[in-house]
Amino acid sequence: MEFSVSNKAKTLTIVLIAIGVLFTSIGVAMAVGHDHFKTRFLASGLINGFFFMALGLGALFFLALQYATETGWYASVKRVIEAIAGTLPYGMGFLGVVLLVITFLDGAHIYSWMDPESYTEGSHHYDEIIAGKRPYLNEVFFWIRTVVYFVTYFLFLRGFRKRSLLEDAVGGTELHFKNYKRGALFLVFFAVFSSTSAWDWLMSIDVHWYSTLFGWYTFAGMWCSAMVVLILVTLYLKSLGYLPKVNDSHIHDIGKWIFATSFLWSYLWFSQFMLIWFANIGEEVVYYMNRIENYKLLYFSMFFINFAFPMLILMSRDAKRNVRILTFVGLVILVGHWLDVFIMVSGGSMGPNGSVGFMEIGMALMMAGIFIRLILNNLSKAPLTPVNHPFLDESVHHEI
Amino acid sequence: MADKVLYAMYDDDEVLKDGAKKLVSKGVKINEVFSPFPIHGIDPIIGVKNTRLGIMAFIYGLTGTMLATIGMRYFMIVDWPMNIGGKPNFSYLENMLSFIPITFEFTVLCAAHGMAITYLLRNKTLPGIPAQNPDPRTTDDKFVIEIRMSENDNFSSSDMENMLKDTGLIELDQKDI
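Top line first, the protein sequences correspond to chains A and B. Residues 479 to 878 (the working numbering) are what the first sequence spells out, left to right. Residues -19 to 157 (the working numbering) are what the second sequence spells out, left to right.
Heads up, some of the hints might be wrong.
[Claimed, not checked] In silico DSS-like pairs for lysine-lysine, Cα to Cα no more than 27 angstroms straight-line:
1) B/K122 x B/K(-16)
2) B/K122 x B/K1
3) B/K145 x B/K155
4) B/K29 x B/K67
5) B/K(-16) x B/K9
6) B/K1 x A/K723
7) B/K29 x A/K734
8) B/K145 x B/K104
9) B/K104 x B/K122
10) B/K67 x B/K155
11) B/K(-16) x A/K774
12) B/K2 x A/K723
13) A/K640 x A/K611
14) B/K145 x B/K(-3)
15) B/K122 x B/K2
16) A/K723 x B/K(-3)
17) B/K(-3) x B/K(-16)
18) A/K723 x B/K29
Just so you know, the hints here were simulated from the structure itself, not pulled from any lab data.
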């Protein structure tokens, strides 16, 4: 069945974008002239750029995972995953612009290692540690890496989408096995890039601090958010009467993914926190000292929400099949994971001066409006159920 | 009480499933199905209710969490406070992070063992309990439907046998108990 974006959805996205722009302007008007305006504005851009890029990237990863494992059940929601992954070029574009602005507009506001004073010997702000990290953390290599990530993700995304549409036309298993190989290859690249890109874009904000777990932690949050968006879009389409082949079992399965990835995220959060807390070494605890001193309530309530909500509410089988419960938990933990990214960025760049204000919320609403519209547009470009997917029959009869 | 029990044997689980569907649609009450492996989708056909094992798992898990917390608080805070890594040893709450891995492990241990033992008890398959299945071949490659005539008063036994024979069985056995 072909999907067309309803007028109601169009109005809603425009209202969201308008509210977002209004809030952002209010935020800018309130903050302009203050010392921290520039930093806050760029941090806000980085938070939302990364968060919304990560939704598309999480969906692309999930798609590749399904290809590589030759999964059957997902075939009837495959187009929804593709539609979410299809927002990735725009997300990367926005994040790219933000990173460009940060680099060329005096990068030290966000990334203190971009400040020439920090690595020039003899200067006032000379920092031995930053100078030591210079071979990896320098603008040129940073941009080489960023461009490599973006290009790799884009090429894989384009290939998956192209073959998916081609499969509708020609069928057969040749494309399926090609997808299988490309999916596995993507996972290899993603295994490295998901970690290093998290170091580059987020961890290097706290330039002295490092954690080997950080990449997986960021990735787990990204995966969980993508699963939430997947279920929300699927439920929205079902409520309009689309996707007749998606039954309770599919919803249940995506619900389980939300449950499982929430646990993965909580597990990694706790592992990182507990080890650093237990060892109590000055150069490691600085990350948490900063966040607990300045964002105590937000930080721990964010963890509590993202961990306890899915665990307690989504534990039972019936809850994972209940539209209202899934929507409620999904929206709550989506906000929770946004706050997670907020604290990652703002904790390092703004420190005690950061807060969730008009600017951050406004930019998030604006991006949400744009991304909802992009996802719906992507959905309308191809049949909602793939026609010739080899596992389509299995997916239609999916029952757990 | 004398009861006549019919055992219909099949050599394919799909045939059994179709047969069971046919029988149930005619109003036959199937008492039990024996199979070497779980047959996907048989539960709703023969009217088996959703398992409550999940609820028990939650309760066992909660028991584990509580036992671990009480135990560790007594061992490490009350009875013999130990200074490990300079962490506070007079307060459970402030030191809670160090106890979480063990709490987690003990929760899993209690939930898993509790579930396994409950499952074996409920199925009467604990080691040493005599086997319930009517034919040893149902542990290998055969599938059996068990029908009790006392639960199907509105069918005569010859009617029932004829209906069963239409379902593609390979062997029909009966027993009086």
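Exercise. Checking against the hints above, which ones are violated?
Worked result: Violated hints: 4, 8, 10, 11 and 13; rest satisfied.
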